[in-house]
Structure formats: C-alpha cells, structure tokens
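First to last, the sequence lines map onto chains A and B.
Number 470 in this note's numbering belongs to position 470 of the first sequence; there are no gaps in the numbering.
Here this note's numbering runs 10000 ahead of the position in the second sequence, where the first position is 1.
Treat the hints loosely; a few may be bogus.
To be verified - Covered by chain A, according to a simulated footprint, are these stretches of chain B (three or more residues, beta-carbon under 8 Å):
id, segment
1, 10057-10064
2, 10097-10105
3, 10177-10184
If you're looking for bench data, these hints aren't it; they were derived computationally from the structure.
Don't be surprised by glycine CBs; every beta carbon is placed ideally from N, CA and C.
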Amino acid sequence: MVQKKLTEIIPPKKEAKQEKELAKAEKEAKPGKEVIKAEELAKKQREISVAEFFTKNRHLLGFDNPRKALLTTVKEAVDNSLDATEDMGVLPDIIVKVEPLEGKEASVADRFLISIEDNGPGIVKSQVPKIFAKLLYGSKFHTLRQQRGQQGLGVSAAGMYGQLTTGKPVKITTRIAPNKPAMYYELHIDTKKNEPEVLKEEEVGWEKEHGTKVAIELEAKYVKGRQSVEEYLKQTAIANPHANIVYYSPEKQKIIFPKATDKAPIESRAIKPHPYGVELGMLMNMLKDTKARNLQAFLKQEFSRVSPKIAKEICQKAGLYENSRPSRIATHEVDKLYKAINETKIMAPPTNCLAPIGEELMLKGLKKEINAEFYAAATRPPAVYRGNPFQIECCTGDSKLCLEDGLIISIKDYVENEMLHKKVFSMDDNLKILPSKVLSVHKFKNQHKILKITTRTGRSLNLTENNEIPIIRDGHIVWRRVGQVLPGEFVAVPRVIKVYGRTPSVLDIMDATQIKVVDTELVTSIMDELKKKYGCYKKAAEKLEVDYGTFKAYKRRKHVTRPTLSFFKKMAEDLNLDFEGDLKNRISSMMVIDTNFTNPCPVKVPAIDEDFLYVLGLLNSDGYISRRSIVFVNKDEHLHKTYGEKINYLFGLKAKRYKEAETCLCNKTLFLILKQVEKIIPELPDNLIVAWLKGYVDGDGWVSLRGVKIKDIGIATAEKEEAELVQSLLLRLGIIAKIQKSNIPKTFGKINGREVRTKKIKYNIIIGGMEHIKKFYSLISFRQLKRANTLSEGIKNAVQPSLKSDVVPVGNSLCRFRIENNLFQYELGFSDQTIRQAEKNSQCLTRINLQKIVSLKPLLGSAVEKLRLLAFSDILWDRIVDIKIVPDEEYVYDLTVETGNFVANNIVMHNCSIAYGGELPAEELVRLVRFANRVPLLYQQSACATYKSILETNWRNYSVSQSKGALPTAPMVIMVHMASVWVPFTSESKEAIAHYPEIIKELKLALQECGRQLALFLSRRRRAEHEANKKSYIETYIPHIGVALKDILSLKEDDTKKVEKHLKEILEKHRGSEHDENIN
Amino acid sequence: MTKTLIKIKELAGDVHEKILKKKQPSMTFPLRALNNVKYDPKRGFFELLGKKKIRTLSVNTVKTFAQTLRMMAISKDLIATEDMATKREVYYVSKNWGEARFHEQPESDLVMDDIEAMFMVNREQLGFSADEHGGDVAGELVVIDKNPETKKVIKIDCTKFGSGAYSIPTSVEHFEFETDAKFILAIETKGMFERLNRHNYWKKAHCILVSMGGVPSRACRRFIRKLADEHHLPVYAFTDQDPYGVGNIYRTLKVGSGNAAHINQFFCVPNAQYLGVTIDDVMKYKLPTHPLKEIDIKKIKDMLKNDPFIKHHKEWRNELEQMSAKGIRCEQQALAQWGLNFVIEKYLPEKLKHPEKFLP
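Work the whole structure out from these sequences, hints included.
Here's what the structure looks like:
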C-alpha cells in the first residue's frame, strides 16, 4: 500500500485551492492563460518522501499521543530484539530502560530516554544507519515467514518521532562478534530525502560479546496499568517464555521477567506463497519475473504445495499449454489461470513457516504471570500437557561456608539449623569480601544435573548446572551459568577473609561434666565456705543433692575424687561466688573423668596462647592424637626438644622420648583438650592462627628452589579436609595457596610398635608467587634453621616476581583505559608486549603490575575506576581447570544473601532467585490478552477480530455468564495468539487484527475447545462445592472420625480431643485429590 | 468373628497412630471389578489381581473417611454383641451421624463394600447382612441347623415342605447336611422350580432342587458349595438360554463375581456344570425363540472380551458366538411348548443321561 508515491493524496486539498485560484484567475484572466496555470501548478507538485508523509501522519504508525508513543517505541525495539535473537538462535536476554529526563519524577516528566539492549547478532557497520534512520528499510517485508516486524517501519519511525519531538539523535551501540570492536553511532534522519545522517561513529568498549543497544530520547508520558510498558512486557513475557526480560522502570524499580524455559521456540521458515493467496495482479507480476522456463515449472517452483501433477491440472483447467512461456501469457489468459488455480484442490499451506507458541509454553508463560485456579489451552489441533515453571539454583550440601566468626561449616548444617543469625562472607559491589546478612535459607529436592568446578588452586564446588558464578571477561564481571562456563575462564575467589576471632579459655570449651577441678586448696576452700554456710557437710550435701560422702572425699589425696567442673560451678553459684571473673582463673589443674585408672595424671590448665597452638600445629602435621597416646614424630632433634619443653611448660606433663623419632605421652585429659581446641581453630584470632601454622609447617613443610631462586613453599598432608583447612587459614592471612593431589607409593612403617601404612594419596598445599612467599616469610617462616635459611636465601636470589598466580584478566578494559588517558602501550611502565598481551587476554597482568599501573599519575576516565577496583579488590581470579558432571544428590541447598552472592568452598556463587506470579483480580468482564506473532496487542481491543470471536462464542454453554453482544463476565483471562506469515492488521499501527471470516472461524473453534475444558472444570468444582456444606469440612467431619476411633479403640476423652486437633492440622495442610487414587 | 474384630481394631489403631504423628492416614481397598480379577481353571474361581484404591485422608475425602470409620465402629459393636444388621438398617443408623449421614442407601452400600474388601471378609463376618433372597431348596435333603436362642439342634427335612420349599438363610456356615441325593440342580426361574417341585421331580431323579431366583446370592452359592463339597454331589445349572443367564447367573454360580472377588473362594461352585438350555438344545428340540436385543448382543461382545471365565473356556466362546451369530435367545420355560411336563419327562432325563456333554 505504501509503495506507491503519495502524490494522489495531496491533490484533493490542492484542488480546492486550485479552484479558488482558478475562479479568481478566471475573473481577471484572458483566454489562453489556463495553459500557463497548469504549468505553474505542475511546478508546485513535488514528490513527497515517505518520511515527510509519516511526519504528518504519525497516528498511522502508533504515535498519536505521548502515552502511546512511549509504548510503541518500546514495542518496536523489543520486537526487533526478539526477532534478531531468535534468528541468531540464542535465547533472548533483553534489558529495557525507561528513564525520565530533566530530573523530573516519572509521573510528571514529559521527556524520557528509552533504551533497549539485547544479545542478538548485532548489526554490521554499513547497515546501521539505514536500519535505524531510514523508513521502509528492512529484511522482513519480502519474506513470507512468521515474524513480529513486517514492514521495516517500526524502530526508524520511533527514532524519527524522537528526533521530531526532542531534536536528539538515535544512539546505537552494536557489536557483531567478541573479536570485533563495539561501534557507537548517533543517527539523524533527513526527512526530506528519507536518508540517514551519521552524526557520530566511533569504537567503544562494551562488555557484551554481541548485541545491539538502541537509545531514543522522546517526548512521552508514563502511565501504569492496562496500556503501560510494564503490562506490555508482562504479556510479551507470557507469549515468549524463552525470553529473559529485565525492565528498569521510570520509578527506579528493577523488574525481572525471568524465562520459564530453556527451549528456543521452533524456528519459522520462509515459504513460497500459496496459490490461493495470490491475487491477479500479483500473479501477473510473478509471471513476468519468474525464471522458470514453462508454465508447469513456474507453478511448481513459485508456489508452495503445488506438485507437477497439480500444476498440470491447473494448466488443463485454464486451457493453457504446460509448455508455454510464462512471460508470454496474455492478460486474459492470466485471468483464466487465476480462476483455474482457485478451482483446483490444493493442500493447505505448510505450517513450518510458523512458530506457534505451543500449548505447553503458553501455559508456562501464562502460569508465570497470572495466578489462577484453572488453566486450559487449545491449539487447533489440540494436545494438552503441563509444565513446571520454577527454576532453582543451588549447591550441594557439603559445600563449606565461612561465617563471620570464622567458623567453617557445611551449608547443609547451616540451612538445617537455620543459623540465620550468623552472617556469611560474600562479595560486595566494591569487590571486597565482607560478612553479609543472610535473608533466608533453602533446601530443595534436586532436579538438575550437578556440576563440579575445580580451580587451579585446588578449590572445588558442586553446583546445580543453572547456578551462576562470577566470571571476569575483559575486565567486566559477569555472572554466567555453570553449565555455560568453559575451563580456562577465571572465577572470582576470595583472596583474604578478615575474621576477628576470639580467644576462649580452655575451661570454656570443654564439656563441664567431663572434667574435674583438681586444685586441692581451691576445692577445700570452697568446701569450707559451704560448711560455714550450712553448718555441716551433711546439710550442704542435702542442699546440693549429693551424697554426704562426696565432700569428705574431696579432701583425699587421690585426685579421682575431685568435683566435676559443673558441680564446682554449682557450688560456687550456691555460695554466690563469682565463677567467671575470679574462680575460673584460679583453677590451674584439671583432669578428665575416668573410672579406669586409679590415679590419672592431672593436667595444668593451659592458656590458649601461641605456644599452645604451636604445639597443636606440630602434632596435627607430624604426629597423631589419640585417646591412648599423643605422639609427635619427626626427624628433627631440635623440634623434639622444643616440643618436649613446651608440653612440660603448658601442661605440666613429661613426654617420653622413644627411639629417635618419637616423643610421646599418654594422657586422656590432654587428648580431650587438644581435640576440643582443634575444632575451634578457625574461630581463633589471627595471631593464634599464625602460631598454629607455624607449628604445622615446622612439621611437614618444605621449601623448594629452582636453582638458587625460590620456587615455592609446600606443606604435605594426607587428609583432604585438613588441606582445605590450611588453605582457608592461609586465606585469613591473605596468602593464596594451591592444593595439589599427588600419589605416593604405599609405604609401611611402625609407630609405637604397630604397623602403620601411609595413605596412597597425598595432598600438597603449595604457596607460590613472590608476594605470597614474602608474606609467608614475614608471618610464619620456619623455626628449623636449615629451612629458614634456604627460604631467605631463595627469596633474596629471586629478583623478578615469579609465577602468574595472582592475575587480573583485564582485557579490553585496559585498552579503553589507555585510550581514555591518551597513553600508548609502552607508556604504562611495562613492555608494550606485556600490555598488548594483557589487552588481548593471551597473558594476563599480575595484580601487582596492575596496581602499579593504576597508581601511575593523575588519571581520568571511567575505566580507571573499574581497574582500580579490580586491582585492590579482595578477589583472586582463579582459573577453572575442570567442569564435570558428578552423581546427583538428593537435596541441594541455597541461601538468599543481601549482596546477592556468597562464598562457598571459597568460591563466590550466586544466590537463590525466586520466580513469582501475581493474583488474578476478580474483575467484572473477562480480561482479554491478545497476541499476534508473539507480539502483544494492547490497543483497539473492540476493533480486533479476537474480540469479535469472543463475542460470537456462546459462553453460556460453558457455564459462564454473558450478556448479549458483550464479553463474558467471569474472573477469567483469555489469551489468544495468532501466528501467521502475514497478520492482517486493521492499520499500520498493528493494534488489531482484521475481521477475516476464516480467522474468526478458527478463533471461535479454538475458543470453544477451551470453553469445553472450562465447563468441565466448573461443573466438577460446582459439584464438589455443592456436596460440601457451608460449614467447612473441617468442622463437620472431624468429630465423626474422633467418635469412630473412640468407639473402636475405646479411647479416652483426652485422646479423642488430641485426635481432633491433629486432624485439623492435617486437613489444613492437605487438600488432596478429589477421588481415590488408583495404583497397580 | 473375633479375627475380624482384631482387624478392625488394628486398622483403627493404625489410623490413630498416623493422626498422632500428624501424618495423613490412609486406607487401601483392593479394586473389586471384573478388570481386576484373574481366573485359573485349576483353582476354579475369580481371584483378585493387584489393583488397589487408596483413600488418603484429606479435605476432599474426609467425609467418606469419617463414614467408613463410623461404619467400622458399628461393625465392631455388632460383632461384639453377636448381632446382625441389614444393609438397610445400617443406612438408617447412619442418620444419627449428623452431617456425615448417608443420603441414599447406595452410598452406604458402597462404603460397606469397601470395608468388606479392605478386610477381605464376607459382610456377614462384619455383622452386616444383605436383604437378599436366599433361594429355595427342595429335595432329598436334611439340613441340620441350630436354634438361634436355645442353641438346640434342629433337623429340617426338605421333602416335607409340600408345595413350598425351604428358604436358605443368610448365614449357612453352621449347617450340616444329610442326604442320599445324586446331584443338585440349580434352577434359574422360580417358575421352573415350582413345576419340578410340584411334580416331585426330586424324588424321581433323586436330586436336590435349588432355585437361584436370578443371580444366586452369596448365601445360596455357599449353601450349594457346602452341600456339594460335603457330599460330593455334582451340580448342574439350568438357566435360560440368553447372555444374562449364562454370563451373570451361571458364571456367578460357578466362579463368583467381581464384586465378591475378595472372598470368592468359598462363595462359588467351581465344579458346577451347565445343563441347559444350550443352543444345541434349541436346535434339537426346536424350541421357540426370541431375537436377541441390542443390549444382549452388546453383552455377549462384552463377555467375550472382558470376562476371564468366558475367555478361558473355548466351549463357552463357541456357544456365545453361536448365540450371537444366530441372534436368538430361549427361555427355559419354552420347553412347555412340547407339553407342560416335557421338561420332566423328556428333556431332563435325556440330558442327564450324558452329563459329560455338559458345558463347563
């Protein structure tokens, strides 16, 4: 319709004017002057460009008023994005932003900036100006395929409107591949010529790998409710359940319409026209343009569904030869041909040019957005099935969380014990690792594959495949699903976790009923106090509920008879003495309860200090702690000496030296103490952790050199858990360590006369990288002279920083930063090769170097901020070495944290996101939601064919009330979607479907099918309601069950009441199915 | 009887426990229908297959649940007091239950059947009795019964009823019999029974006549079974030649019903044989017939497809196919065409000469 020149429309007006002029001229004219007038007139006639036409006829495109303008702009851009991403074959990820301008509030603003961003294929340089700033330019007009855009008018018209009302150009950012730069354009449309003007064109940095972003500034008005952007996006989400849409509303709200399925919609294919669909004029054109040699071939090739046989039939009916040349066919013969085509029986067009939404997805989409009791869908032909709309992202129960007090606990324990009062470490927006509040905990039955990611530092985490982890790409942090991440990418991992820790006293952490207070004087003095208070031991014993003899026993020499700590506390309480402040500190000797030994050795109550932890570290790494004996095994003489001394000093015990390599002692109390302290190591303050680590590395640590230079520091252990603990503790100090597994041959050995076989697998904790080695050296180091010397020498000899363990993959961001500051590659203080490699991501910059770069000199630009954040962050970028599927777990766990992520197994992961649905309002008339080719139609409802079909369907047959000539009245939403290669709209603004009788017929049939299902549901529901009384079931029938049970089992009154109470609860929870279930 | 009581208490206890644990209690009933039975000719009766119904307590099922439990309570009382209540009486008792009462008897019958199936007992064992007609017995038989009140032994001679007959009561377990008869003849229609009784056919043929009166009730079947087992008597069935006679009456007598699938074992007569009227008889004796109705043809088709008993016996399949092919049915009283006593004088004696030719 619009291809013709529009000169015809202008004449009517001109005609009137012309007549006036003519009349005027006639009065004054002399004959012969008419000719001149026509020529003059001819001069005034001009071609009118399409753009000019639409400027004056905006309503044809949907820009009648400011409110509609806003919506139409969003609609057009979103449609384009959806089409483009579908064409590319990816699931659409669309971000819509509507911002009020001039600092005004959304409701009063009259200018808005609308931007829509997608992850589609992007647009090539040469096409960008034409697509956005030239009307009637597009790829879809000439193909017969179902798609949303049809004429190539949409977004250009929006741009033009924007330009018209604000004078501002259309701003486009697009990128076609990750290895090509992103391009930024500002475009202007020359309305007189319908040609684009490029105002700006430059390369920019953009974190997306491919996609397009359109930003238009225009005059508009923001409304909420029925014809708002939000409503439109909601409906679009329903019709496109595979699309993920994020909407930033003018009121600064972020609304997410998550996708309900990962399946891309079936692609629609372009087809040839169907013979029934062409008109005579079209047929003539086709005959002229075809390449086919003869008529039969023409019919077969140019149309769909025409086989050679049918082609022959058509020719015969038309009385034409099959062999005739198509271009030579005369007009009246074309007429005959046209008639013949319409009289021949030809198969219906193929439907692979269509991509209907499909019932399952339609229901999914609908269920997502609308909360109702009953859903039904019908496609012609029918097939119904239901889906499950929620997606859960989680990790497995054994993943370890780090809590704010240092405690390391599995997420399973955290969730099952609902420890929400304890904060969990997570990454905040400034890339710092801080404790953050947990809002809720979740445990789900697993329904997804579980993937295990392993990083270079030996960290691993088991996550459901749709969980997201933070990956860095080109200096931008993006959250990607585990299933989509590849080994080699860098994931965010904390490099330091700051915990303050607390130092308890030994007596606090022990079980007070298991240890005894041995100090004779202390105990005796307490007893004397008691005696004073009660007059005699007997009365005191009665009051404290013990045997009389116990007090007497306390005075005995043998320690076994001393009071337990708990009883001691009780006594102190009874006497109103201050246990915590005074007495506790005076207890200096303790002993474990043991009925086997006659006189076990008491142990001096140690302070939990650095010596204590050092000894514990030694034992943990190079010895073993068991109930029977505590043994330290090491070849170093000096260490044994130190160990022995410390044991004596701390606990007052003497350890025996056996052979060369072992020092051991047997003391159950010490065993208990050591075991308890072991448990709380992560909660201790940093200095004590350092002490423990010192002991640990003295036992099993080593230094390895490369020549004379230091290579790395290692610690060996046989237990994986212990290795992870050491790694976490080192993290507390800001030292990054890597865990490596290594196989060692089985060796045999003897300890204490028993044969001991060492494990096959050994775990090595390796500390590499100068920064960390130096930190280790300054904080921990070795006590052994030899090792300490090797370490310091090695460090001295290492001039250059070695190893790329702490890198920041900045990629393109570095390039942008450089450009913003007008720096060349060699001006950054490093070789230009280094910088080039860093920008290309082939060799990443180490953090130290990055820190140097950002501290260079006064720097400008936004990129600097980002780089600075990365350089000084608490995040280490750990390379993923492996992602593999692991066996399923029954349950998976997750937390919802304020910051949106948390640290599990020392890797940062995304938290739970919840899908939602609104309530179905009990409106009067049904709500009609219309879609054509997956695009929601929001306006002109009463002019639409769907509306008419609903009116013409008799809803009274389906138990829904309906007044004549109106929509039915029910709390119901009817969603209708029409998929077609060409949707006949009533106007260019594509708001309503035209009233074609075939369409209305099909619509009615589909509506009736849904109506029947609805009727079934309603009648069943009515019957169920009818059977139940006004009173609820719960009150009515429970007493009978109670009476029956009472009768049969002869229950008592109380029992019966209990039964009734429980029944109420059970019934409140379980509505149950209407009928008995059948099983085989 | 007490076994049933234990079962009731057990189930109630189970429900109670579950409630206390705040879990949904549930009751499982085997599905008693033709599509859940299997037929093994060696065992000779319909047995339950595995399909079950589960009724879990929830808001939608609470009414039925309550009714079931209350009925179980009634049953417990009946057993404890050794009383019996008819189905109709139970229905009226339920009117006491306020909102949980039955509105119509079929509802109460259903619940009763469910309880029966759940415990796999006969309803008599629950204390319920049916309003069924028992069936009439005449012939050379002495039934040894007990007076319900005094518990004294009573001997009932079935030859001494004149033109009347002994009526089988609901509970026949405690009966004992004395007889010299040679066989039992189970007759469908009362009319035929009357005729045979009036002419003392039982004396001539030395047999026991039992009128089933349509589909034989459980008591009737049990009676015949007990009698046949104890005295090793063959049982011959004499019904109309139509799908109902064969498929319902004879089949139920022989292998039990879908409804009683859980207790069929003792409530049928697997050794029974079909005397008449067969298609062959119709042909041989040129008996007047009526055309089969739509519904009859449908029934034949259904039987051929769904009835395990029919499916198993080729002879029956042939018989039914012939019946359907010829499209005729014939009543046993049609024998009267050839004379009122034709049945006594000619038909039965001739047939009884060759009992081996009877259909299984």
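How the hints compare with the structure:
1. Three residues within the 8 Å Cβ limit are the bar, and the segment 10057-10064 of chain B against chain A gives 7, so the coverage statement holds.
2. Counting residues of the segment 10097-10105 of chain B whose CB falls under 8 Å from any CB of chain A gives 4; the rule of at least 3 is met.
3. Evaluation of the coverage hint for the segment 10177-10184 of chain B: breached, as 0 residues show C-beta separations to chain A shorter than 8 Å, against a requirement of three.
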